[in-house]
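Based on these hints, arrange chain B on the given structure of chain A.
Protein chains in written order, with my numbering: chain A, 2 to 341; chain B, 2 to 341.
Any given hint could turn out to be false.
Identical copies look the same in the list; a pair holds intra-copy or inter-copy alike.
Calculated cross-link-like contacts (lysine-lysine; reagent style DSBU-like; alpha-carbon spacing at most 35 Å) [said to hold, decoys possible]:
(1) K274 / K9
(2) K9 / K227
(3) K71 / K301
(4) K305 / K341
(5) K6 / K71
(6) K9 / K297
(7) K222 / K9
These are calculated hints, taken from the structure and not from any lab test.
Number of protein chains: 2
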Amino acid sequence: MSGRKCGKQTVKIDNVRVAASAAIVGNKEAEGPLGEFFDITLPDSEWNETTWEKTEAKMQREAVRLAVVKANRRLDDIDRVLAGDLLNQCISAGFGLRELEIPFYGIYGACSTMIEGISIGSMLVCGGFAESVAAVTSSHFCTAERQYRNPLEYGGQRTPTAQWTVTGAASAVLESGVSVGDIAVTHITAGKIVDMGVKDANNMGGAMAPAAYDTITAHFKETGFKPSDYDMIVTGDLGSVGADILVEQLKADGIDISKNYNDCGCMIYDAEKQDVHAGGSGCGCIGSVLCGYLLKEMRKGRIKSLLAVGTGALLSQTSTLQGETVPGIAHAATFRMIDK
Amino acid sequence: MSGRKCGKQTVKIDNVRVAASAAIVGNKEAEGPLGEFFDITLPDSEWNETTWEKTEAKMQREAVRLAVVKANRRLDDIDRVLAGDLLNQCISAGFGLRELEIPFYGIYGACSTMIEGISIGSMLVCGGFAESVAAVTSSHFCTAERQYRNPLEYGGQRTPTAQWTVTGAASAVLESGVSVGDIAVTHITAGKIVDMGVKDANNMGGAMAPAAYDTITAHFKETGFKPSDYDMIVTGDLGSVGADILVEQLKADGIDISKNYNDCGCMIYDAEKQDVHAGGSGCGCIGSVLCGYLLKEMRKGRIKSLLAVGTGALLSQTSTLQGETVPGIAHAATFRMIDK
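Pulled out of the complex, with its shape left as it was, chain A reads as follows:
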């Protein structure tokens, strides 16, 4: 029974492919360096809905629909949907997906949710509990900003370490069976909650970097892989502040990821031109960069092997007001293009 375990945190996944993925983003994301790769750009921040929360719910629903169509499936073919988001009680998932009638497991990993969904989904497919699983997540600048920080009308000033919540929803469909030309999920590493005592709720990157460090260290140790075994290593979303900390922390251990590493929060915006300070954040950040850009690049053969590390900050407004620190979590998944 322990044949799948590579170590405490990492398991090997057999015979699971990413059948398709889709990403829906807002205008600001479409204007960024990866704009051409996303499937749908919202016409505006509402997308014909009366509240931003309903918009975000619709984004999750449409991301699943689109990924399922791209996988040549019907909604009825999908055995489970694994979904979560940043809103209180994950209402983008609950309300967004109710009309799809797919058996539903709600998950919560803050901005690591996309990789948590792909992790659990890969295990369900690999273990024969489902033939087809959709993982989905979302974030929306307007819903997150008013829930976590200030009313949008307030126009509060942002600190240099602050990140900009991505308006984006992303979904990946996981299925059993891997052939040449497929993208396989081959390893997943579950993260521990890591809290180094950062209390600044405007420095999420700094708070989450130690969790990414912990998970990446475990991943390399348990799999025996080296950074050079990957064409690309991405985190999402540490932003520029957290990404620098991560690279330095790993370097101190003799692990150099600087050559093939990037952070989805740094990739999705042109930080200077788009005035996003330390970069992007939100469940939709690594979600849309992975499902909209990276997996498509893999399908074209431009990236053969990818380590994607989703990072989340497990705080709430209440915990911050009660003087708590910011616990971080990071989940990792290995994707490989099967080319022979």
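Chain B only, in chain A's frame:
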């Protein structure tokens, strides 16, 4: 690969046992009909913490610790913890479990979270992805009341259909290997989101009953089991209002569960003496009744077969304020005492 699937929503689980379970409750729950079965009763609503949220986090942590000790394990033996709760961003889980250093997947199923955790945990163990998994959840009357409804000092009046949030945390440790005398998890049925248009946020039982109906119907259809194949069928937590609806709905289809059915929200309090109106609710309701009472009764051989159906209402304060209805979800798990 599809050998584990009994149908669209149900999978068969092999060789997974509940190694141990533990429940920690508040005073009101200890004074109820099941009081003697719980492992720990809080001395007061704070348990030496400065906020109720910190109390609830501590309850989750101690529930895991206790279940792990009862399973004759160390924390380090636990491969994954699956945890969630009702608080915004699931902070009881995130903050409560950070010092345990167990690889962590956050889940959210509102009051169905205990069964969701047992469901996913059973699949991870059955599939060989983990040898030992802890599922944990919690709720606390004081944290839930002020988050979802009113400040406690306000003393708002409650409607007749209202339920009382259980102060309780519960954990179950799932492991591979089943022998005579063990409690095995044998089937799990994943629920779909069901929304019949109930808008009254004070009638959660009515809102969730259709989801329980949907999942129980799928469970019987896909497994071929009849109500009489179970010594006991429980939901948690429909309360008296929702439980009556469920029994009637199933009866209309020719499925009579009235002989061996109860709802954890009705079991945990003496509704009249304890003035809880329609019964108990909260993640800790089915959690503590299952982990504190039912699984212990199974271990004593008094219940041989149990269908436990966790029911959750996937709403938030924001969705209610925006005029939304209350989507429900229900996840089911079959427990069997192995007696030969």
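Here is what the structure says about each hint:
1. Taking the shortest Cα distances, K274 and K9 never come within 35 Å of each other, neither inside one copy (43 Å) nor across copies (49 Å).
2. With identical chains, the CA atoms of K9 and K227 are at most 35 Å apart within one copy only, with a shortest distance of 18 Å there and 40 Å across copies.
3. For the homomeric pair K71 and K301, the shortest alpha-carbon distance inside one copy (15 Å) is at most 35 Å, but the shortest distance between copies (52 Å) is not.
4. Taking CA atoms no more than 35 Å apart as the test, K305 paired with K341 passes inside one copy only; the shortest distance there is 11 Å, against 52 Å between copies.
5. In this homomeric assembly, K6 and K71 come within 35 Å of each other (Cα to Cα) both inside a single copy, at 32 Å, and across copies, at 25 Å.
6. Taking the closest pair of Cα atoms, K9 and K297 come within 35 Å of each other both inside a single copy (31 Å) and across two copies (30 Å).
7. In this assembly of identical chains, the alpha carbons of K222 and K9 lie at most 35 Å apart only when taken from the same copy (10 Å versus 38 Å across copies).
Going down the numbered hints, you'll see the structure goes against just number 1.
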